[in-house]
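Modelling step: build the complete structure from the supplied sequences, incorporating the hints.
Number of protein chains: 2
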Amino acid sequence: MSDEFVTIQSVGRKGLLDQLKDLNGKVSPATIKGIGDDAAVLKGRDGNYTLLSSDTFVEGVDFDPSYTPFTHFGYKIITASISDIYAMNGKPTSVLVNMALPNRLSVKMVKDMYLGIDQACKKHEVELVGGDLTGNHNNAVISVTTYGEVSEEKITYRKGAKLGDAICVTGDLGGAIAGLRILMREKKFWEQHGDQAVQPDLEDYKYVVQRQLMPEARKDLIEALEEQGIVPSTMIDITQSLINEVTEICDAADLGAYLYQAALPIAIETRHVADEMEEDVDKYALFGGEELELLFTLTEEQVELFAEHFKDFAVIGRITPKEEGLMMQTAEGDVLSFDDLS
Amino acid sequence: MSDEFVTIQSVGRKGLLDQLKDLNGKVSPATIKGIGDDAAVLKGRDGNYTLLSSDTFVEGVDFDPSYTPFTHFGYKIITASISDIYAMNGKPTSVLVNMALPNRLSVKMVKDMYLGIDQACKKHEVELVGGDLTGNHNNAVISVTTYGEVSEEKITYRKGAKLGDAICVTGDLGGAIAGLRILMREKKFWEQHGDQAVQPDLEDYKYVVQRQLMPEARKDLIEALEEQGIVPSTMIDITQSLINEVTEICDAADLGAYLYQAALPIAIETRHVADEMEEDVDKYALFGGEELELLFTLTEEQVELFAEHFKDFAVIGRITPKEEGLMMQTAEGDVLSFDDLS
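From first to last, the protein sequence lines are chains F and S.
The opening residue of the first sequence carries number 1 in this note's numbering; numbering runs sequentially from there.
The opening residue of the second sequence carries number 1001 in this note's numbering; numbering runs sequentially from there.
Check before you lean on any hint, since a few could be wrong.
A short list of chain S residues far from chain F (calculated; beta carbon distances all over 10 angstroms) [what the hints assert, rightly or not]: (1) 1062; (2) 1094; (3) 1114; (4) 1127; (5) 1184; (6) 1207; (7) 1216; (8) 1248; (9) 1271; (10) 1330; (11) 1331; (12) 1341.
In silico SDA-like links for lysine to any residue, alpha-carbon gap of 25 angstroms or less [as the list claims (entries may be wrong)]: (13) F:21 with S:1068; (14) F:111 with S:1068; (15) S:1154 with S:1010.
Per the computed footprint, the stretches of chain F lying under chain S, defined by three or more beta-carbons under 8 angstroms from a beta-carbon of chain S, are [unchecked claim]: (16) 12–20; (17) 57–70; (18) 110–119; (19) 126–136.
Hints are computed from structural coordinates only; laboratory data are not their basis.
Note that the Cβ used here is the ideal one computed from N, Cα and C, for glycine as well.
Dropping the structure here:
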């Protein structure tokens, strides 16, 4: 067995996924799209499609309870999960939450988590319909499954961007990573100075900390698109990073992209944090994850029409031929390949 | 905050669940049945209902890799999960598998797990349509979400047993716990004697070990019921124990039960293990978990009709008035309350 002692670590997540891609059980004609998009797409009711997606959140990997209030965390696992349904232009209706929790957690912590879940579900008109609670020895591991619907005419896949399309993004970028930087700094401060120290005031960083701890899923975009009868040619939510998701939609469509650095929407609060940390705020915007903003593509005509009705989005580039690659024009006018950016 | 330092351990799983039961987000009219049955029931396509269920499997709690081959484990997480759909008299069509895995696992282990998943999915005509792979520090935590369908006329809830119904169970009972006993003994032997020792031969215990490591979900019962046009008044799969599940269906229907100990179906292999361990095999049958056998109730007429076409089930008791409680007639003719059994 030549692969007997190859660890996951040595091949990485992507290497592992490549080796597993044909093990999908019985492929069913009722499956429109299986693994490989934000959500799985199944034949649903009344000619609609059913969307199914699931995500896992691991204590110590995806969240750190030392600076994450449990209500916020409960809220975030829901918004992060239903964001996958919005990214298909769908409407989430139900979630299942599976928690494997260590006994050391207090009942209040778990209740707080469910309060956050409840709050996010109410805001997004989603029902918690199931799941389970089991024990774990060391850390909390939580999986959320989201169920939603979308009509066949409205569904947006990762694939679908067209040559010449405008690349659009909701909200602003880099806020979540800016919030994380602040929280990590405070944690370090606290570890060094202990209980005796005056607790740092996070009030000045409220916006970015909120972006990290309680990011909002962009239901408003999906509703505005529906009202205007506009279907983007592709859509994806920003969970890894802007650069990663632009690469994803271009690879899926076999096309290139040309971004304008000057057009990246960045909040003033995010700029302040980057300044304070003496870091490049554009790096936050390009490489920061967990934004839950939606990246989507529209024709120029659609952009004009849509901008009259929905304000909270920016055009940050356009879709180009594959041969032109993945490029960004800097504020100074230089043109860099994505590969040169990091 | 009076409940600030109350740990999960001190209130237990049920105590915790009680405190969470109203935090379900926005309750939707499209939800037929939310938390509290084997699966959630949503309005589905073509007048059918959609079934959604999820389960978590924790290394060190729900499985021990020192005696669980990864292919078997992959198989079991699928059969255990789709068993919840069968328990609603439904047909599972899709699963999502979320794995949080420590880096120490080898690629082969993960591949083996997916081979088992693939095998179970093919056998049950289910497709793996999504999920994710993330890291965990210490142990593997795996969640499986199952999606299925059932028509409105055929769905069986936990609630529904009728006075006078026969209590039926598929297959035989106690095999999974017998298998666990053997595996635990072998593990202890191995820990005491190390690599130098001759590996114990498990061939004699093949049946019970298989019942523990690769239990089969009872698709055959669901198909036979459909062929005969029979819908049980209630159905549940045996995951905790026979006693627990009989109590569940009686509580849900506000009725009692009278079991016949002599009627408990027990395989000869299971009896041999109990003899060897000098334990009471009926205790295995009454209190053993993870059987994946289906417990269901039929009228006497349905039993007669059904028994002509489907052989692998036994009538183990009948549904009685609530006032008569939960009782079992022993082989010696004594009548004991469930409370006196353990």
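Each hint tested on the structure:
1. 1062: violated (7 angstroms)
2. 1094: For residue 1094 (chain S), whose nearest Cβ neighbour in chain F is about 6 angstroms away, the distance does not exceed 10 angstroms, so it is violated.
3. 1114: violated (4 angstroms)
4. 1127: violated (5 angstroms)
5. 1184: holds (18 angstroms)
6. 1207: With a cut-off of 10 angstroms, residue 1207 (chain S) remains clear of chain F, as the shortest Cβ separation is near 26 angstroms.
7. 1216: holds (16 angstroms)
8. 1248: Since the minimum Cβ distance to chain F is about 15 angstroms, residue 1248 (chain S) lies beyond 10 angstroms and the statement holds.
9. 1271: holds (31 angstroms)
10. 1330: Its Cβ never comes within 10 angstroms of chain F, the nearest being 34 angstroms, so this holds.
11. 1331: With a cut-off of 10 angstroms, residue 1331 (chain S) remains clear of chain F, as the shortest Cβ separation is near 36 angstroms.
12. 1341: The claim holds: residue 1341 (chain S) sits with its nearest Cβ about 26 angstroms from chain F, beyond 10 angstroms.
13. F:21 with S:1068: holds (24 angstroms)
14. F:111 with S:1068: violated (34 angstroms)
15. S:1154 with S:1010: Outside the cut-off at roughly 41 angstroms; violated.
16. 12–20: Answer holds; 6 residues pass the 8 angstroms Cβ test.
17. 57–70: holds (count 4)
18. 110–119: holds (count 6)
19. 126–136: Holds, because 11 residues of the stretch 126–136 of chain F bring their Cβ atoms closer than 8 angstroms to Cβ atoms of chain S.
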